[in-house]
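Residue numbers (the numbering used here): 1 to 73.
Warning: the hint list may mix true and false statements.
Cβ pair distances, simulated, as ranges [to be verified]:
#1 S29 to A65: 36 to 44 Å
#2 L5 to S30: 32 to 40 Å
#3 A50 to S30: 25 to 33 Å
#4 E21 to T57: 48 to 56 Å
#5 K69 to A39: 40 to 48 Å
#6 V15 to T37: 27 to 35 Å
#7 A65 to T45: 26 to 34 Å
#8 E28 to A50: 31 to 39 Å
#9 L67 to T45: 43 to 51 Å
Read the hints as simulated data drawn from the structure, not as lab findings.
Values in this document were obtained by computation on a predicted structure and should not be read as measured data.
C-beta atoms are modelled at their ideal positions from N, C-alpha and C, and glycine is treated no differently.
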Amino acid sequence: MKKRLDCISENIEHVLYAWQEISSIIQESSTASEVATAAQQQSATIEEMAAGAEETTILSNELKAELGKFTLK
1 MKKRLDCISE NIEHVLYAWQ EISSIIQESS TASEVATAAQ QQSATIEEMA AGAEETTILS
61 NELKAELGKF TLK
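All chains, full assembly: derive it from the sequences and hints.
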């Protein structure tokens, strides 16, 4: 009887350990997913900033061209 109880106890310990491992993997996956989402958001922000910088450069060049028309000779 004691052997059976020890075996059951050991099996329960193995199940609990396996559950902890699974839980840990799920938590890591959630964290990785959150990190991936944050990285995508940062990437979108950087792309928006680059587009804004490009637009600013175009406007700046247009302004220079317009100002060039008024340059005293």
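To see whether the hints hold, each was checked on the structure:
Distance hint check for S29 and A65: the Cβ-Cβ separation is about 54 Å, which falls outside the suggested range of 36 to 44 Å. Look at L5 against S30: about 37 Å separates their beta carbons, and that is inside 32 to 40 Å. A hinted range of 25 to 33 Å for the beta carbons of A50 and S30 is consistent with their spacing of about 31 Å. Between E21 and T57 the beta carbon distance is about 53 Å. The supplied range of 48 to 56 Å therefore holds.
In this structure the supplied range 40 to 48 Å holds for K69 paired with A39, their Cβ-Cβ distance being about 46 Å. A hinted range of 27 to 35 Å holds for the C-beta pair V15 and T37, which are about 33 Å apart. Distance hint check for A65 and T45: the Cβ-Cβ separation is about 31 Å, which falls inside the suggested range of 26 to 34 Å. E28 and A50 have their C-beta atoms about 32 Å apart, which keeps the hinted 31 to 39 Å range intact.
In this structure the supplied range 43 to 51 Å is violated for L67 paired with T45, their Cβ-Cβ distance being about 32 Å.
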